[in-house]
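Engineer: Listed below, chain by chain, are the residues.
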Amino acid sequence: MPAQGTLMRTQHAVGITSYGAYVPRWRVRTEAIAACWGRETSRVPIRAKSVPGPDEDTATMSIEAAQNALRRVDIPPGQIRAVWVGSESKPYAVKPTSTIVAEVLGLTPFVSAADMEFACKAGSEAMQTAIAYVGSGMAPYALAIGMDTAQSQPGDSLEYTAAAGGAAFLFGRAEQAAAEIEGSLSYVTDTPDFFRHAHQHYPQHGQRFTGDMAYFHHSLHATRALLDELGRTPKDYRWAVFHQPNPKFVRRLAKELGFGKEQIEPGFLVPLIGNTYAGSSLLGLAAVLDIAEPGDRILFTSYGSGAGSDSMSIVVTPRLRALRNGVPSVRDYIARRREIGDYGLYLRLMKKIHRE
Amino acid sequence: MNLPRYRRLQPAFYRLQAARCTACRQVHFPSRTRCLGCGSASMEPVRLSGQGRVLSFARMLHAARGFQDSVGSLTALIELREGVRLVAQLTDVEPDGIGIGQEVEMVLRRLRSDAEQGLIVYGYKFRPVLKRQAGAQAQS
Chain A
1 MPAQGTLMRT QHAVGITSYG AYVPRWRVRT EAIAACWGRE TSRVPIRAKS VPGPDEDTAT
61 MSIEAAQNAL RRVDIPPGQI RAVWVGSESK PYAVKPTSTI VAEVLGLTPF VSAADMEFAC
121 KAGSEAMQTA IAYVGSGMAP YALAIGMDTA QSQPGDSLEY TAAAGGAAFL FGRAEQAAAE
181 IEGSLSYVTD TPDFFRHAHQ HYPQHGQRFT GDMAYFHHSL HATRALLDEL GRTPKDYRWA
241 VFHQPNPKFV RRLAKELGFG KEQIEPGFLV PLIGNTYAGS SLLGLAAVLD IAEPGDRILF
301 TSYGSGAGSD SMSIVVTPRL RALRNGVPSV RDYIARRREI GDYGLYLRLM KKIHRE
Chain B
1 MNLPRYRRLQ PAFYRLQAAR CTACRQVHFP SRTRCLGCGS ASMEPVRLSG QGRVLSFARM
61 LHAARGFQDS VGSLTALIEL REGVRLVAQL TDVEPDGIGI GQEVEMVLRR LRSDAEQGLI
121 VYGYKFRPVL KRQAGAQAQS
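Protein chains in written order, with the working numbering: chain A, 1 to 356; chain B, 1 to 140.
Just so you know, these hints were derived from the structure itself, not from any lab.
Computed from a prediction, not measured in an experiment: that's the story for all the values here.
Each residue gets a CB set at the ideal place from its N, CA and C atoms; glycine is no exception.
One thing to keep in mind: the hints can contain errors.
From the derived model, a few chain A residues whose C-beta atoms are all more than 10 Å from chain B [stated by the list, open to error]:
1) Pro76
2) Ser89
3) Tyr202
Derived, one-sided and incomplete: chain B residues facing chain A with beta-carbon distance under 8 Å [to be verified]:
4) Arg8
5) Gln10
6) Asp96
7) Ile120
Use the sequences and the hints to build the structure in full.
Structural biologist: So this is what it looks like as structure tokens:
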């Protein structure tokens, strides 16, 4: 497919000024889920997944990730003129999560705020919008967050991977950034691979349709178009981050694109904590920034059902080192864990037990 | 919690916003319009660090309505770096994981468990200071 003219570039060069991550400490062993539903544990895709604590939701988790991003830099709150939260697990059906986040961070009232909706691509959509806001000159800084406490039907195959976590990215002018955005694009079609109606608790998915026609088609086309536009190959990138629904999909996607295991390893988090939906690719990018060096080039491609991918080329600047100032890294959060093997407690933490 | 009260308490609940006397510099939390130390009515808002230590703690075994999910959790008397003392729920910790003098930090969490129909009340809780990257120090 020809990819000419698909690249999106801003009027002013934009970069990642700072970033922060959050993963809850609770992990449920997937063997406990398998045991409840009579499934063989050898067929479970990952060993454990992250689960929100009883007092956590997408708002509280977004706040901690954003606070981590703001702690890494010294930026006056009045300079941050936009807060966008991408998620498919909003605490309220009607009331923005983003205003709660902005209020706690002390960014209100003169700030643009909204919640983004695009399944697992909602977080990278927030990033694209933040890049545009800064790149057009509308805002000195804009905050984009991808965060989820992913929901899954009890007994469904998604229950083994639907996890909790995400990351926040503060975008600003490239001259002051820790990593510069070289270019981005979006690739979107109306693909019915995953959906939920207004009064349903859990989304339905299209079984095998979620693979080739959905995840692989969009991730491959977006990434290849970006590489074509920039005249690059996978060898030009030290690191690559993709949306991570399960380990098998990510390994196959990387292989088909020509990226090696060592290129995806730092941001490959699904085997450790599961699929954090709108937070998945953003959390992977945060994990790469935790270890990247100046000059490293990062390929980033998200995927969201419904369906689409955002692909970005990012190059690290020497300012990234200054962000390593004691704020918890992604691996700090992953290392902090309390494992549970009790399906009943898992149901309680996921707020699936309702009392009159 | 009724809506006007929650709206008024947001600066304290969300950001640990206190009041500092511009005359004698004493800090009050919750905020006051007049200083308890010198009687001055000249107060300014100040954001507390959220860093402190546990002076005492107790385990909640019977919960009031709206706090049923907190049964078994810990509530602590905490002294912040600024000298302010407050009572708050602890989170992300088991009863055998806390002790007198333990360093804690503020996090924002859901306070009540009866929010399925009404307002979700967010506010401060404290947890043991998160372990950071080796050799790095936490910032306030």
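Engineer: Sort out which numbered hints this structure fails and list those numbers smallest first.
Structural biologist: 4, 6
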